[in-house]
Each structure stands twice: as C-alpha cells, then as structure tokens.
Amino acid sequence: MDSRAILAELPRLRRYARALVGSREAADDLVQDTLERAWSRVAQWQPGSELRAWLLAIMHNLRIDQMRRPALAVTPLDDEAIELPARATQTDLIELGELETALSCLPEEQRAVLLLVALEDMSYAQVAATLNIPAGTVMSRLARGRERLRAILDARSKPAQLRVVR
Amino acid sequence: MSSSPISDADLHAFVDGELSEARHAEIAAWLAEHPEDALRVSAYRDQKAGLHRLFDPLLDEPIPDRLRALAVPPAEPQEAPQGGPLGRWSLQRMAASVAIALLGGMAGWLANDHFRPPPVVAHASPLSHQAAIAHVVFSPDVKRPVEITAEHEDQLVTWLSKRLGTTVRPPRLGALGYELIGGRLLPGNSGPVAQFMYHDASGQRLTLYVSTENTSNRDTAFRFAQEGPVNVFYWIDGKFGYALSAGISKDELARIATAVYDQFQN
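Chains as they are written, first to last, in the numbering used here: chain G, 49 to 214; chain Z, 38 to 303.
For reference, chain G alone in the conformation it holds in the complex:
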C-alpha cells in the first residue's frame, strides 16, 4: 500500500464512517481501526485493485465484529453538565438535521448500502463485492432504506410537491 494513496483516501473514509456511525469521534476511531487492520493484513492487498473498496470492506468487517459484541450504548458526552473542552457547534440547516436523524433511524445494513451508493457513488456490483453480499440483497436493502428514509422525512416535513421529472 502506498502512503500517499492512503492519505488521499482518508477524507472519503472519514466521510463515509461519519455518515455510517453518526458521531465524529466514533467515526475516526473506526477509520483508525480500519487502517490498523489494513496494515496488519497488508499481505492480502492486491496491488492494482481499488484501495478504497478494500479499505471499506475492512471497515465493514470491523463494524460486524463491533456489533456482535454485547454493547452498552455509550454516547458521547455533551458539555452540558461538566467541564469539557469546548466543541464546535453544529450549524447544519434544519432540514439536513432531519435527514441525519432519519438516516440514523435506518438499520445499519440499509444505511451502509445507501451510503455506498448515494455518497460513495459505487456501482451495485461494487457494493455487493465490498459488503460481500449478493446483488439482490444490495437492491433490496437500498430500496428499503430509501423508502424508509422517504417515509420518515415525509412524515416530518411539508406535503411533498408533485412534480414530474422529464
């Protein structure tokens, strides 16, 4: 693996991890774990294959391991009650906040597929290979995830306008 190539992938890995797990800290932990595991398995890396897909596959396997653990729900602490270093405040538009909330309501398996397709612009075949699931499963998770997201957002916001796309 080429260090420059890894550096070049880091922004996108962080973006995907952030969208997948919700919190920035957990996302960077996940990226860190991913890189560590990647280096420990560097012998399995096939030069010429797509680095990002390989790293995302590792990240996906890590998530499966993490979710198998009996987990306490550990949530990052807000600085409401005790003194913690000040953090930048979120200034997202409200509707993006709604989208983020709705996204977090999806089961992770649907969220992963949706993000790989919608955010990472992967083809369905690439998603199937990365997540090691059949193409049909990619489609069903994508369809369910999108419909669920739509249902949540529709329920929250104004009645949708009817528009015909040409």
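Worth flagging that the hints you see were computed from the coordinates, not collected in a lab.
C-beta: ideal position from N, C-alpha, C; glycine also.
Each hint can be trusted.
So these bits of chain G aren't anywhere near chain Z, every CB distance computed over 12 Å: (1) Ser97; (2) Ala101; (3) Glu157; (4) Ala177.
So the derived list for chain G, only partly shown, Cβ under 10 Å to chain Z, looks like this: (5) Arg60; (6) Arg63; (7) Gln80; (8) Ser88; (9) Val165; (10) Ala166; (11) Leu167; (12) Leu190.
Position chain Z against the provided structure of chain G, taking the given hints into account.
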C-alpha cells in the same frame, strides 16, 4: 425491442445511473406519465443530494494526526514496549501507543491531547459494563449491600487497600447529599476491584467502582454509558479506572462524578 415492465429496481437503477442508455430512456418516458413514480425518483435524488450536502464538508476538514500517522505502516506493533517513560511524540512513539492501545484491547486511542480535546470512545467499555452489573447486583440488596459498613471505614480502607495493592479511599459525598454505606471487594478482569456504595436521604443508591487494572497507560475524559435504568460515568486516571453508577439523571450523576474526580485529584 419491446420494453419490459418497469420495476422498483429500475427506478433505483435509474437514479444511480446503472442502466443502459436505451433502458434509461424508457424509464424516463415512463416517469413522464407516472407522477407517483416520478415523485419517488425525485425523493431519492433529493436524498442523494442531501447526503452530499450533509457530509461533504468533512472532505475539507484537516485529517486528525492520529489518522495521518497511520498512512505509513506502524513500526513492529507486536513488539512495542508496554510502558516506559513517554517522551516527545515521535512517529515511532505514536505507533507504539497504538500497539499499547491494541494490546489493552481498547478500541480508541487518545492522540496528542496537548493539541486537541480528547475524543470520546463510543465503543462498549468493560469498565462501565462491569460497574453497571455490579451496581445492579448489589445496590438493591436491603440486608447486605456491602461487606464492611461505613461504621468501620478504617477497616474497610485498610482491607481494600491491601487487597488492591494501593491506597483506596471512598470519597466524601456528604456535601452532595450522599452518605457512605460501605464497600466490598469484587472480582475484576484480572484481580480484585473495589465497590463503594452511597445513599441519599431518599434511599437512592449510588456505587463507585474502582479498578486498578488499567494497563493501557492512557487517561481518558469522562465518558457516559447507559444500561437500562443505570447511568454510568467512567474515566481512567493512571492505573485507576473509576465508574460511578446510579439510577439517577445524567446531570446529577455528572455533578457527583465531578466531585469524585476532584477528590481523587487531591
């Protein structure tokens, strides 16, 4: 060529550019006459655009040092030393710390906390988990919640300190309305740990779990965990791991955790 029926999958594939040009055109024509489907396609596109607006700003953020450092192979992580004095941060030192964190089975690692706020690890912690279980097991016990009561606090301190191999004293929480009931010895991951129990005037019980098993050589900020009705604040300070558990609000527990922390700092 006759066109096949339009399926759900076609609509998704249309949005994602997965179709041949010919099929794409067929779907486009279909959508012009089927507003319901057109609406769905439009919603999916909006989702896609929204996700980019939501998360693309991350692409322009500086990469945290701890991740940047991993663009190069960690130096012999298996043979990195377990402890040793920490000098200036060098790349090798960072790699060794990573190895220590891994050996400790901890999922996170605090990079260079001189320059940035410590990240909060969102993985399950054995410390908070064990403390929550110990709280749930012993705090409801009416007759024998503790092994040695506060009446014999000296004995309690002597005994627990001897068993843990270091001085362990229960903090004073009277100012916050919590009086010591007593304490007990419990099995931890690899040896003894201590539990102190307190209650307030209403009978609300609080337990402080003190472990001396931390070997990962890194302090942490306060962290919060929740298991069912039990809230847990926990932190690591040197070899000590502390976890404060109670079925009270996060805010109130945070107040007490801060007091406990302050007392152990002095």
